[in-house]
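Going line by line, the protein sequences match chains Z and U. Heads up: the first sequence begins at 76 in my numbering, then just goes up one per residue. Heads up: the second sequence begins at 2 in my numbering, then just goes up one per residue.
Any given hint could be a false lead.
Okay, the calculated beta carbon distance ranges per label pair [unchecked claim]:
1) Thr161(Z) with Ala133(U): 38 to 46 angstroms
2) Gly86(Z) with Ala317(U): 35 to 43 angstroms
3) Leu10(U) with Leu153(Z): 46 to 54 angstroms
4) Ala317(U) with Leu153(Z): 13 to 21 angstroms
5) Ala329(U) with Arg192(Z): 36 to 44 angstroms
6) Ala133(U) with Val155(Z): 40 to 48 angstroms
7) Ser111(U) with Ile263(Z): 54 to 62 angstroms
8) Ala133(U) with Gly86(Z): 42 to 50 angstroms
If you want the ones that stay clear, here's a sample from chain Z, every Cβ over 10 angstroms from chain U, calculated [as the list claims (entries may be wrong)]:
9) Arg141
10) Gly147
11) Asp175
In short, the hints are calculated from the structure, not lab data. Since the structure is predicted, the reported quantities are computational estimates derived from the model, not experimental observations. Every residue gets a Cβ at the ideal spot worked out from N, C-alpha and C, and that includes glycine.
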Amino acid sequence: MSGDLDNRLSGPIDGALHLLDRQLLDSEGRMLGKVDDVELSEIDGRLTITGLLTGPEALLDRFGGRLGRILGERWGQLRVSEPDRTRPWRVDVADVDRLDSAVHLAVRREGVLRRDRERLRLGRLTGMDVEGADGQRIGRVLDARFEPESGRLVLCSLVVGHGRPGTLLGYDRHGRGSAHGPWLLRAIVLALHRHTAIVAAEDAGISWADATVRLRSEPTRPPGHPFR
Amino acid sequence: MKRVFAVALGILTAIGGFVDIGDLVTNAQVGARFGLSLVWVVLMGVLGICVFAEMSGRVAAVSGRATFDLVRERLGPRVGLLNLGASMLITFLTFVAEIGGVALSLQLVSSVHVLLIVPLVGLLVWLVLWRARFSLMENVLGLLGLALVVFAVAVWQLGPDWGALVHQAVTADKPADERWRTYAYYAVALFGAAMTPYEVFFFSSGGVEEHWGPEDLRTMRANVFIGFPLGGILSVAVAASAWLVLGPLEIGVDTLGQVALPVAAALGKVGLAVAIVGFVAATFGAACETGLSVGYSIAQYFGAQWGKYVRPPEAAVFHAILLLATLAATAFLMTAVDPIVVTEVSVVFSAVALPLTYFPILVVANDPDYMGEHGNGRLANALGMVYLVVIGVAAVAAIPLMIWTRMGQ
Numbered sequence: 076m077s078g079d080l081d082n083r084l085s086g087p088i089d090g091a092l093h094l095l096d097r098q099l100l101d102s103e104g105r106m107l108g109k110v111d112d113v114e115l116s117e118i119d120g121r122l123t124i125t126g127l128l129t130g131p132e133a134l135l136d137r138f139g140g141r142l143g144r145i146l147g148e149r150w151g152q153l154r155v156s157e158p159d160r161t162r163p164w165r166v167d168v169a170d171v172d173r174l175d176s177a178v179h180l181a182v183r184r185e186g187v188l189r190r191d192r193e194r195l196r197l198g199r200l201t202g203m204d205v206e207g208a209d210g211q212r213i214g215r216v217l218d219a220r221f222e223p224e225s226g227r228l229v230l231c232s233l234v235v236g237h238g239r240p241g242t243l244l245g246y247d248r249h250g251r252g253s254a255h256g257p258w259l260l261r262a263i264v265l266a267l268h269r270h271t272a273i274v275a276a277e278d279a280g281i282s283w284a285d286a287t288v289r290l291r292s293e294p295t296r297p298p299g300h301p302f303r
Numbered sequence: 002m003k004r005v006f007a008v009a010l011g012i013l014t015a016i017g018g019f020v021d022i023g024d025l026v027t028n029a030q031v032g033a034r035f036g037l038s039l040v041w042v043v044l045m046g047v048l049g050i051c052v053f054a055e056m057s058g059r060v061a062a063v064s065g066r067a068t069f070d071l072v073r074e075r076l077g078p079r080v081g082l083l084n085l086g087a088s089m090l091i092t093f094l095t096f097v098a099e100i101g102g103v104a105l106s107l108q109l110v111s112s113v114h115v116l117l118i119v120p121l122v123g124l125l126v127w128l129v130l131w132r133a134r135f136s137l138m139e140n141v142l143g144l145l146g147l148a149l150v151v152f153a154v155a156v157w158q159l160g161p162d163w164g165a166l167v168h169q170a171v172t173a174d175k176p177a178d179e180r181w182r183t184y185a186y187y188a189v190a191l192f193g194a195a196m197t198p199y200e201v202f203f204f205s206s207g208g209v210e211e212h213w214g215p216e217d218l219r220t221m222r223a224n225v226f227i228g229f230p231l232g233g234i235l236s237v238a239v240a241a242s243a244w245l246v247l248g249p250l251e252i253g254v255d256t257l258g259q260v261a262l263p264v265a266a267a268l269g270k271v272g273l274a275v276a277i278v279g280f281v282a283a284t285f286g287a288a289c290e291t292g293l294s295v296g297y298s299i300a301q302y303f304g305a306q307w308g309k310y311v312r313p314p315e316a317a318v319f320h321a322i323l324l325l326a327t328l329a330a331t332a333f334l335m336t337a338v339d340p341i342v343v344t345e346v347s348v349v350f351s352a353v354a355l356p357l358t359y360f361p362i363l364v365v366a367n368d369p370d371y372m373g374e375h376g377n378g379r380l381a382n383a384l385g386m387v388y389l390v391v392i393g394v395a396a397v398a399a400i401p402l403m404i405w406t407r408m409g410q
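So here's chain Z without its partners, still in its complex pose:
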């Protein structure tokens, strides 16, 4: 089946493009949910993927805005006697075996989910407003790029753009030289995303409280990336 695809955990990944919304499969190939969000923790001052979140609460949180908030509240109200109902379910990143077109866990699905701890979420990082060095709003966070480093996936850069449609189609990440067709769609998406740029994580000050990223330098590099 999908055994021929590369394991993405050994190289850089874009969180929203390659990890969010993927199918979770257990060690026997059975399904147990989607990657509804990704848990981030600060380890040694750097954002690191520490878990995958799944379940309605995490999904509704990513809907964002009023709709997401109201639906999230209603979800909790369905059973107020249940503690931590509004906390999503969590799979520890240590239980992840490989990542290709799905997330394959190293364990059986029975009893693998735990309620999450209050941590940072990738789904809240993407969509944040981005301000330039002069305080001007220059766009939004479209995606976050992670690199493997001593066995962990660590945030290395942010993909920043104007938030136009089509960034999840992947054309803007492979760059202009790629053969990712059809050429007309690629041309349209690249034109829509001509301002999309990449910012190193150390140049970005992430303020979770007011959902804003403040840059210490102007982003210049296009996000073309030697993905395999």
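On the provided structure of chain Z, position chain U as indicated by the hints.
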């Protein structure tokens, strides 16, 4: 030898599986009014479903992902949910139409009122989805659906002026008493009937569940590129027979009985009996496929366990959806709504919903992250882009034409 047999079986079931209530009713309606002047739309629709099914089958085989996995991954959870809602509304309508079609077919035999048959059909469909060995049912129904070849035999027996038929088909010669706008409306309806989205949901999910790999691509392509066009020929035969028998009498098609009338006229009772067997098999098979498609798609969006080979306790959400969808479809039909009208509406809205799933599949079929070396080639992309435009035009035109022509009156 076993492999040849498997390929042949796949092709045969694809022929029977291609024709459903939408194809039967729309082709008979179009045939009775426009003769073969809209055959070019059937050809376009058949080539379109081949392009669409081949891409989604290839994506399923190489990446192991079915349609609504990809819709959510490429469009995000919000747009993906809207997409799911719209696509499932249409697929549910088709499900209702198919169950109604089975009931109408059985009514032709039994003369029992259709509302008494509907609950029975609903129960049977659900039992098949819940308990039956589905691969067996799929093959039996697909093969019985081949009984619809009787329409081609009927055309031959009616001894038409072949030259005139071919001329009408090649020159798209609209009968003088019909307007161009109704012609355009029925063109969209025929296109929607040939390219119903559920066929792809079912096809790709089935491929994932049967663990297709890159080595199965040739078998998959044989099924698609031989089976669907042969099914398209059955559709054309339905239209031609309707034109030959109903056209001169100015009879429109409002019931399933009228769809079968040309066969009765050409071949008598035996022909009619064979045609009804074909109706029951084709619509029952399609009812199972649409029902499963609803369950597959919703479960895929939320990541819940799905699968017709998975025992119900292992895939509780999936089976709960199947049960609820079947109950809701049965209840809908029990309001005495005319299944033929539901069919007419469902094929037009199928055309509206097509781009929602076609577009993400086209993108992913090109994506090296999913496809490795099996991405779209030049031909697949050229056809893919042409059809993206065609599907877009049909989707935009469908509802205005529906209102303007008052559903083709």
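Taking the hints in turn, this is what the structure says about them:
{"no.": "1", "hint": "Thr161(Z) with Ala133(U): 38 to 46 angstroms", "result": "holds, 41 angstroms"}
{"no.": "2", "hint": "Gly86(Z) with Ala317(U): 35 to 43 angstroms", "result": "holds, 37 angstroms"}
{"no.": "3", "hint": "Leu10(U) with Leu153(Z): 46 to 54 angstroms", "result": "holds, 47 angstroms"}
{"no.": "4", "hint": "Ala317(U) with Leu153(Z): 13 to 21 angstroms", "result": "holds, 18 angstroms"}
{"no.": "5", "hint": "Ala329(U) with Arg192(Z): 36 to 44 angstroms", "result": "holds, 40 angstroms"}
{"no.": "6", "hint": "Ala133(U) with Val155(Z): 40 to 48 angstroms", "result": "holds, 42 angstroms"}
{"no.": "7", "hint": "Ser111(U) with Ile263(Z): 54 to 62 angstroms", "result": "holds, 56 angstroms"}
{"no.": "8", "hint": "Ala133(U) with Gly86(Z): 42 to 50 angstroms", "result": "holds, 45 angstroms"}
{"no.": "9", "hint": "Arg141", "result": "holds, 13 angstroms"}
{"no.": "10", "hint": "Gly147", "result": "holds, 13 angstroms"}
{"no.": "11", "hint": "Asp175", "result": "violated, 8 angstroms"}
Comparing the model with each numbered hint stated earlier shows that hint 11 is the single one that does not hold.
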